[in-house]
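Here is what each chain is made of, one letter per residue.
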Amino acid sequence: MYQKIARMRYLIRLYYNMQPNVSRLNAGDMLKEIGELEKETGCVMADSPLYPHDTALPSVPGKISHPDWPLPMRRLGSYENAAAFIGDRSSLLLPLIDGIPFKLEYEAGELLRVSTFAEPQGSVMDCPIRGIHGIPVKLPHKERLVIAGIMYTKHDEYYKTCEIVWKRGWPALKTSATWRRT
Amino acid sequence: MAGAKDISDMAADIIGYFGKHHQLYFDPFSILEGLKEYFPRRYSRGKCLDRLQRYGFGHCMKVLYHETADAQSVKMAVGKLLASVRSNGIQVLGAAILYDDRDYADECGNDGTYRLDAGTILG
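So the sequences go chain by chain: A and W. Residue numbers are given in this note's numbering: position 16 of the first sequence equals residue 52, and the series is strictly consecutive. Residue numbers are given in this note's numbering: position 67 of the second sequence equals residue 53, and the series is strictly consecutive.
A few of these clues could be false.
[Unchecked claim] Stretch by stretch, here's where chain W covers chain A in the computed footprint (C-beta under 8 Å, at least three residues):
hint: 1; region: 62 to 76
hint: 2; region: 109 to 119
hint: 3; region: 123 to 135
Calculated directly from the structure, the hints in this document are not laboratory data. Glycine is no exception: its CB is placed at the ideal position from the N, C-alpha and C atoms.
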């Protein structure tokens, strides 16, 4: 199962990053294999080329909060403090990735809502998640599931995009300028 | 001061732009609800994150720390983790340390401002 999902994710990345010299036949084969893997695994990724572009997330009324979602973590300061904090308990070390934290809510195997840290109480964030790699919109788990995660971009890709945007006159950050003025 | 809606709009715009170029990635770091039925004896955060890979989520880079901690070994573990993340071209600020046992972590609660089951260390 793990290998099949890894293969599906790899093919989706490859499909979008194809060089012009990759033939159309290869693209067709890729789409066919992605379709077969989606059927076998029961997972459909948001950025899958086979997922319809005009599909909207169902909007669910009501607010749901989680006790550990909006609260920040305290800074331990030094490794001595960190060691004292851990003590003899088994602990998990996770990287603090520079990005935007998201909360995803699934019910009956389908993605219901996406909300940001700015709206911890569960307002629906109307964002095009189709462009984000690694978010399944359907999964083979029928019970309720709420996941917190982080969305990020890689260094080199970020600077490459910035270069393109600067050349075009920075049209993308129109909203950001509005945000600074308010 | 920008309101939550402005920030949300800005995030949506940036996501829209970078998403067009397929340069955005999502990695899970915590499970807020669910999957408890698979771990009746010990509701482990690390094992839950591993299980998410079956559902199409990416591999969450993490270190499960079992030993009795001393400053030197924590420093080494954090250094190794951050080096592996940075080698993939991801910008990282430091490390978060959380108790792996989710039930114990829930008992810790919070002091009104901060969570008591987790802390961060910059690196």
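Results for each hint:
1. Counting residues of the region 62 to 76 of chain A whose CB lies closer than 8 Å to any CB of chain W gives 0, so the stated coverage by that chain is violated, three being the minimum.
2. Counting residues of the region 109 to 119 of chain A whose CB lies closer than 8 Å to any CB of chain W gives 11, which reaches the minimum of 3, so the coverage claim holds.
3. Note: the region 123 to 135 of chain A has 12 residues with beta-carbon separation from chain W under 8 Å; the three-residue rule is met and the coverage holds.
Of the numbered hints listed earlier, the single one contradicted by the structure is hint 1.
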